[in-house]
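Participant: The whole structure should be built from the sequences, with the hints applied where relevant.
The letter at position 72 of the sequence shown is residue 72 when you use UniProt numbering, and the numbering goes up by one with no holes.
Watch out, some of these pointers could steer you wrong.
Result set (EDC-like, lysine to aspartate or glutamate): computed pairs, CA atoms no more than 16 Å apart in a straight line [said to hold, decoys possible]:
#1 K387 to D333
#2 K41 to D13
#3 K296 to E345
#4 K18 to E141
#5 K296 to E195
#6 K56 to D71
#7 K375 to E339
#8 K375 to E348
#9 K41 to D28
#10 K127 to D108
#11 K56 to E23
#12 K18 to D71
#13 K130 to D24
#14 K130 to D108
#15 K89 to D100
#16 K56 to D102
#17 K367 to E348
#18 K127 to E240
#19 K18 to E55
#20 K296 to E339
#21 K332 to D385
What follows is a set of in silico ranges between Cβ atoms, one per label pair, in the way DEER data are often shown [said to hold, decoys possible]:
#22 K387 to K247: 40 to 46 Å
#23 Q363 to N117: 26 to 32 Å
#24 S111 to K332: 29 to 35 Å
Hints are computed from structural coordinates only; laboratory data are not their basis.
Even for Gly, the Cβ is constructed at its ideal location relative to N, Cα and C.
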Amino acid sequence: MVESVSDELLNADIHDLKRGYKEDSLLDTYTCLVCGYQTEKGIVYQEAGVFYEAEKSMRRHIQQQHHSMLDYLLSLDKKMTGLTDLQRKLIGYFHQGLTDHDIIAELDGGSTSTIRNHRFMLREKMKQAKLFLAVMELMEEGGKNAGRTASVPTKPSQSKLPGAPGISEDEREKIISKYFTAGPEGPLTSFPKQEKRRLAVLRHIAGDFEAGHTYTEHEVNQILEARFEDYVTLRRFLIEYGFLDRKPDGSQYWAKQPENQGKGKKNMKDQQRRKELVNEYMNTPRPMGVFQIRNKQSGKIYVTSSTNMPGAINGQKAKLASNYHVSPELQKDWKELGEDAFAFEILEELRPDPQSPNDLEQQRVYKEKVAQMEKAWLEKLQPYDEKGYNRRPRAK
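Facilitator: Okay, here's the thing in C-alpha cells:
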C-alpha cells in the first residue's frame, strides 16, 4: 500500500488527478503525477516501432507503468483517501461493472441489499466531498480577498454542474441535431464519447422528466427506451451525472430539470409527443438472441445475450467506451486497439411474436429461451482464458 505521494499529486486539481498527469503551458511539458516522468510537446516518442506525440505517450506511460489512476489512488493509505479496505475492493468491483451477485461471489459472502447500501453510502460520501471542497475553496478565496477595499469585477466562470457544462446555446443545438437526427423529440442515434457532448445529450433527455414528479423504475425505463435502446446505460449515466436521483432500493426516481424546461405550451406538446414515442417503441418487438464481440487481431471473443439485442450491442459499446465493462481483459484490449479492432456478430437470433411486448408471461418465456441459447453457445465456444474474455463459471 502506497503511504506517500508527490506534492504535485497532492496539489493537482480533479481533472489532472483523474488522468494522472499535468500540463505545463509555459514549459510545454506533461508530467506524471505519480513518478514525475515528463514528455515535451513537439517531440515524437517511439515505442515498439510506433511513434506517439507527447500527450499520447504520457497516457501510454500511465497505463503501462501505473495501470490506471484508479488503481493507484485505491492503493494509497487509508489516512489519505479515507477509504476502508472493503470500500477499496467494492470501488474496484463497481468500476469493473460487476453485478451485485458477482461481487458477493468475489467477497465470498454478503447480500445484494448490503452491496446496494455500500454503493449508496459511497455516493453520499462523494456528495459530501464535493460540498466540502466547495466550502474550502470559498474559504481560500475569502482569505485571498480579505483586506481589499474595493471589489474588482471578474469574468463569471463557467459552471461545472452537470446541467451547465459550459457550452453555448449554438453548440448545444449543434450537438442535439447531430445525435438526434430525426429531430429533438426523436431517438438518440448513438451515445457520445466526449464528455461535453454527453452532458448536452443527457441534459436534453433529462427534460423528458417532469420536475416534482416521482417515477417507478419501469416508468423511467419506458421513457428512456423510447429515446435509446440501451436504456440501462442512459439511466445509469443520468444518475451518475446528477440529472436523476432515486431511493436506495430503486423504488422511486425523480428529476431536477434544467432551466427553461417543463414550462409553457411548447413543453406540453413535447411531453405528449414523447409519450407517443414511448408507446410506439414499447409496442415494437426487438430481436432477441446471442451475439459475440470478436477481437479481429487475436480472435478472442466475448459471448453474451439479450432479449433486446440492438440495445445490448449499443450498451456493450457504451460500457467499453466509458471504461465500465465487466471484463477487465476485454476493456484493456479495447482501450489499446480501439473500436475498429472489434466485430459485433450475431450468433443466433430469436424473432419474437409481434404481440410479445404486451404479454408479460410470453416475455418471461423468451427470456428463459435466450438464457438457454447463451448457455449452449458458451458450452460450444468455451470463450474463456486464452480463447475469450468471458469469466469461467464457478464450479458448483
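Participant: All the hints need checking, so say for each whether the structure fits it.
Facilitator: Against the structure, the hints come out as follows:
{"no.": "1", "hint": "K387 to D333", "verdict": "14 Å, holds"}
{"no.": "2", "hint": "K41 to D13", "verdict": "21 Å, violated"}
{"no.": "3", "hint": "K296 to E345", "verdict": "11 Å, holds"}
{"no.": "4", "hint": "K18 to E141", "verdict": "24 Å, violated"}
{"no.": "5", "hint": "K296 to E195", "verdict": "28 Å, violated"}
{"no.": "6", "hint": "K56 to D71", "verdict": "20 Å, violated"}
{"no.": "7", "hint": "K375 to E339", "verdict": "26 Å, violated"}
{"no.": "8", "hint": "K375 to E348", "verdict": "12 Å, holds"}
{"no.": "9", "hint": "K41 to D28", "verdict": "5 Å, holds"}
{"no.": "10", "hint": "K127 to D108", "verdict": "30 Å, violated"}
{"no.": "11", "hint": "K56 to E23", "verdict": "13 Å, holds"}
{"no.": "12", "hint": "K18 to D71", "verdict": "11 Å, holds"}
{"no.": "13", "hint": "K130 to D24", "verdict": "26 Å, violated"}
{"no.": "14", "hint": "K130 to D108", "verdict": "33 Å, violated"}
{"no.": "15", "hint": "K89 to D100", "verdict": "13 Å, holds"}
{"no.": "16", "hint": "K56 to D102", "verdict": "34 Å, violated"}
{"no.": "17", "hint": "K367 to E348", "verdict": "14 Å, holds"}
{"no.": "18", "hint": "K127 to E240", "verdict": "11 Å, holds"}
{"no.": "19", "hint": "K18 to E55", "verdict": "15 Å, holds"}
{"no.": "20", "hint": "K296 to E339", "verdict": "10 Å, holds"}
{"no.": "21", "hint": "K332 to D385", "verdict": "15 Å, holds"}
{"no.": "22", "hint": "K387 to K247: 40 to 46 Å", "verdict": "42 Å, holds"}
{"no.": "23", "hint": "Q363 to N117: 26 to 32 Å", "verdict": "30 Å, holds"}
{"no.": "24", "hint": "S111 to K332: 29 to 35 Å", "verdict": "31 Å, holds"}
Comparing the model with each numbered hint stated earlier shows that hints 2, 4, 5, 6, 7, 10, 13, 14 and 16 do not hold.
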